[in-house]
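With these hints in hand, go ahead and build the complete structure from the sequences.
Letter by letter, the chains look like this.
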Amino acid sequence: MELNGSQMVVEALAKENVSVVFGYPGGAIMNVYDEVYKQDHFQHILVKHEQAAIHAADGYARSSGEVGVAFVTSGPGFTNAVTGLATAYMDSIPMVVISGQVPITMIGTDAFQEIDAVGISRPCVKHNYLVKDAKDLPRVLKEAFYIARSGRPGPVHVDIPKDVTAQVAKFHYPENITMQTYKPTYKGNVRQIKKAVDAIANSKRPVLYIGGGAINSNAAEQVREFAKITGIPAVETLMARGVMGDENPLLLGMLGMHGCYSANMAMSEADLMIAFGPRFDDRVTGKLSEFAKHAKIIHVDIDPSSIGKIVDIDYPIVGDLKNVVEGMLPLAKEKINPTKYKSWRDLLNRYNEIHPLKYDDSETILKPQWVIERVGELLDDKAFISTDVGQHQMWTAQFYPFSFPRQFVTSGGLGTMGFGLPAAMGVKKANPEKISINFTGDGSILMNVQELMTAVEFDMPVINIILNNKFLGMVRQWQTFFYDKRYSSTDIEVQPDFVKLVESFGGVGYRVTTKDEFDKALQDAIDSDKVAFIDVQVDRLENVLPMVPAGGTLYNMMLEYKE
Amino acid sequence: MENVRRVLSVIVINEEAVLSRISGLFAGRGYNIDSLTVAPVPNTEFSRLTIVTSGNKRVLEQIVKQLHKLIPTYKVIESEEFVEKEMALVKIPLNEDFNGLDAMLKAYNGTIASSGENFVVVMVADDAKRIDNFLKAIKKYNPTDMVRGGSVALDV
Ligand SMILES: Cc1ncc(C[n+]2csc(CCOP(=O)(O)OP(=O)(O)O)c2C)c(N)n1
Ligand SMILES: [Mg+2]
Numbered sequence: 001m002e003l004n005g006s007q008m009v010v011e012a013l014a015k016e017n018v019s020v021v022f023g024y025p026g027g028a029i030m031n032v033y034d035e036v037y038k039q040d041h042f043q044h045i046l047v048k049h050e051q052a053a054i055h056a057a058d059g060y061a062r063s064s065g066e067v068g069v070a071f072v073t074s075g076p077g078f079t080n081a082v083t084g085l086a087t088a089y090m091d092s093i094p095m096v097v098i099s100g101q102v103p104i105t106m107i108g109t110d111a112f113q114e115i116d117a118v119g120i121s122r123p124c125v126k127h128n129y130l131v132k133d134a135k136d137l138p139r140v141l142k143e144a145f146y147i148a149r150s151g152r153p154g155p156v157h158v159d160i161p162k163d164v165t166a167q168v169a170k171f172h173y174p175e176n177i178t179m180q181t182y183k184p185t186y187k188g189n190v191r192q193i194k195k196a197v198d199a200i201a202n203s204k205r206p207v208l209y210i211g212g213g214a215i216n217s218n219a220a221e222q223v224r225e226f227a228k229i230t231g232i233p234a235v236e237t238l239m240a241r242g243v244m245g246d247e248n249p250l251l252l253g254m255l256g257m258h259g260c261y262s263a264n265m266a267m268s269e270a271d272l273m274i275a276f277g278p279r280f281d282d283r284v285t286g287k288l289s290e291f292a293k294h295a296k297i298i299h300v301d302i303d304p305s306s307i308g309k310i311v312d313i314d315y316p317i318v319g320d321l322k323n324v325v326e327g328m329l330p331l332a333k334e335k336i337n338p339t340k341y342k343s344w345r346d347l348l349n350r351y352n353e354i355h356p357l358k359y360d361d362s363e364t365i366l367k368p369q370w371v372i373e374r375v376g377e378l379l380d381d382k383a384f385i386s387t388d389v390g391q392h393q394m395w396t397a398q399f400y401p402f403s404f405p406r407q408f409v410t411s412g413g414l415g416t417m418g419f420g421l422p423a424a425m426g427v428k429k430a431n432p433e434k435i436s437i438n439f440t441g442d443g444s445i446l447m448n449v450q451e452l453m454t455a456v457e458f459d460m461p462v463i464n465i466i467l468n469n470k471f472l473g474m475v476r477q478w479q480t481f482f483y484d485k486r487y488s489s490t491d492i493e494v495q496p497d498f499v500k501l502v503e504s505f506g507g508v509g510y511r512v513t514t515k516d517e518f519d520k521a522l523q524d525a526i527d528s529d530k531v532a533f534i535d536v537q538v539d540r541l542e543n544v545l546p547m548v549p550a551g552g553t554l555y556n557m558m559l560e561y562k563e
Numbered sequence: 564m565e566n567v568r569r570v571l572s573v574i575v576i577n578e579e580a581v582l583s584r585i586s587g588l589f590a591g592r593g594y595n596i597d598s599l600t601v602a603p604v605p606n607t608e609f610s611r612l613t614i615v616t617s618g619n620k621r622v623l624e625q626i627v628k629q630l631h632k633l634i635p636t637y638k639v640i641e642s643e644e645f646v647e648k649e650m651a652l653v654k655i656p657l658n659e660d661f662n663g664l665d666a667m668l669k670a671y672n673g674t675i676a677s678s679g680e681n682f683v684v685v686m687v688a689d690d691a692k693r694i695d696n697f698l699k700a701i702k703k704y705n706p707t708d709m710v711r712g713g714s715v716a717l718d719v
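Residue numbers (this note's numbering), protein chains in the order written: chain C, 1 to 563; chain G, 564 to 719.
DSS-like, lysine-lysine: derived pairs with alpha carbons at most 30 Å apart: (1) C:Lys309 - G:Lys638; (2) G:Lys648 - G:Lys669; (3) C:Lys183 - G:Lys638; (4) C:Lys15 - C:Lys48; (5) G:Lys632 - C:Lys296; (6) G:Lys628 - C:Lys195; (7) G:Lys628 - C:Lys187; (8) C:Lys287 - G:Lys620; (9) C:Lys293 - C:Lys358; (10) C:Lys340 - C:Lys194; (11) C:Lys309 - C:Lys194; (12) C:Lys293 - G:Lys620; (13) C:Lys15 - G:Lys632; (14) G:Lys620 - C:Lys195; (15) G:Lys628 - C:Lys296; (16) C:Lys204 - C:Lys342; (17) G:Lys632 - C:Lys132; (18) C:Lys287 - G:Lys628; (19) G:Lys669 - G:Lys692; (20) C:Lys194 - C:Lys296.
Bear in mind the hints are in silico, worked out from the structure with no lab data behind them.
Below, the structure written as structure tokens:
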């Protein structure tokens, strides 16, 4: 079959069962958009800013496990997309982003809207391509999807010059693919697995340290089973919230900078750490020389470069977490008696009783933590929860009762403000039967607020709960703690009328100051089935606690802030 | 952790962007490149890079893993046993007294590569360490220019 480059793009997406593409057109990608117009394989959702197209595809991918897809044009279209690529790359999210480029004949001439797109994307994608001949397109697109979703997932960028999108060549989309130079390891080494299980059987105070890899590898069921049959207490990173399920008695909670006391103490006092797909981020470890210093470490990861990058590993296992844990299960059943760790579990539970996650509720002013807990009570597993970045993000991680993997969609590694609304749109697109909540801040929401229009036009009724503290709260908190309350450029009391703002786009808005008003607004927003803002006026000076100050030690948390 | 020198031989698919992927990896992660040479492997789709780098144990381990992680990388050879050679060219004005130059060139597998009315260019090929020594020793002839090629290496 002979097709032009643009038809090839459409055909390839059809073959990959892509059902939705987020994007924004422009000169260099117009040929592709002309073919988009003619096809009915996938829906194209026209965003209002390219950054949002990438975040929306990202939210789609995070919540579904499928590859997210976005189109942007050359030059500014592409540069607008870069933050989205970097966000997805840092959190290992499978995506294919296709950008237009000036014609090959003009590359290198500083042509109109020319930018070295692959040069820019190289450090923030898993792989990229500049396609110089349409005959390469079928292979490149097949590889792009394969690379994005296999091994440690990540975004792949394909840059296609305009003349290539018009060039006609033979189209044969490969069914299968093997790449000589790219062969991820899925099966863990059997001897290493056996050694690791022996180490666990010999340990007295083991802890499961669960990271985002457990979500990417769809290993939640296996990880829960492993915890259950071994009786080993577990902690989750920000990226892993939902893996164990918050009802699970073995889950201590999130660890790290704003983790809970018992989780951080478990890491500090453990004699064996079983790391299932985390990456030892500095927001988790605190001061490295003190991090889990009594523990031997088992680290399972599909990315060999992740193992030993930050700390030395005693039992490295390269492989897909789901596979590896499946391999560990029968051995663990045979060798590990869960009653052995009872006193260790009791100790950690006592820590949790002494210093639980807490806040002082008030009857006169709404506390942001209450709002999140309340949404958890009311919606629980009926909703997917996205966030922006800041205090509201940390409170959501702490106080929402996550019960299934992929329920929580948040920018962890890059911490990108402006992620929440477009990501929650992608979530809604992938999970139309569920409610899509975005917990956001009064700062963050304004970073991609234009997407309200997209949400209205394409019927993606995201409920944005703005925890409005009239501050860039997280930065303000650091200024309170570490900068003598010099609130340099964080007081954002000058604000739009959020209710009118969302209404002007065709959504519904509520401004709430009491618990009753909040409950009513939430119910009303759900019933309206429209994109919504719930502008919740919360206590301005609430802090996220406990806290391990940057570079501090996990066992020495700041539990309270005293003036 | 102490810094050590390491020679890596990297076989990659010979695509346009591969060198920028590798140099970008080193620059972006703050790794050293002491020297880098690259040329196609004859009759294949591959190129071979020889990279001389240095760092502590953890850094060197990461360099190898990160190189592996690049999609076009076929193989990273980090054998301790390489035959490693480097060449250098040195331009010397003709008004110098060349006493002893011949013996010196011989000692470093060298020869006269070119000569003109008022200069000679000598070339040598030897271990990188010995090239260091040669370039120090040749100073007594007041060279006007010199260039070294970077190591090439073959695992044995
Ligand atoms: C794009 C971007 N710019 C700057 C920051 C730094 N930053 C982190 S949190 C934060 C404040 C966020 O304010 P808001 O959205 O109101 O959330 P709050 O902390 O008040 O809950 C800032 C500025 C960031 N994470 N992302
Ligand atoms: Mg705020």
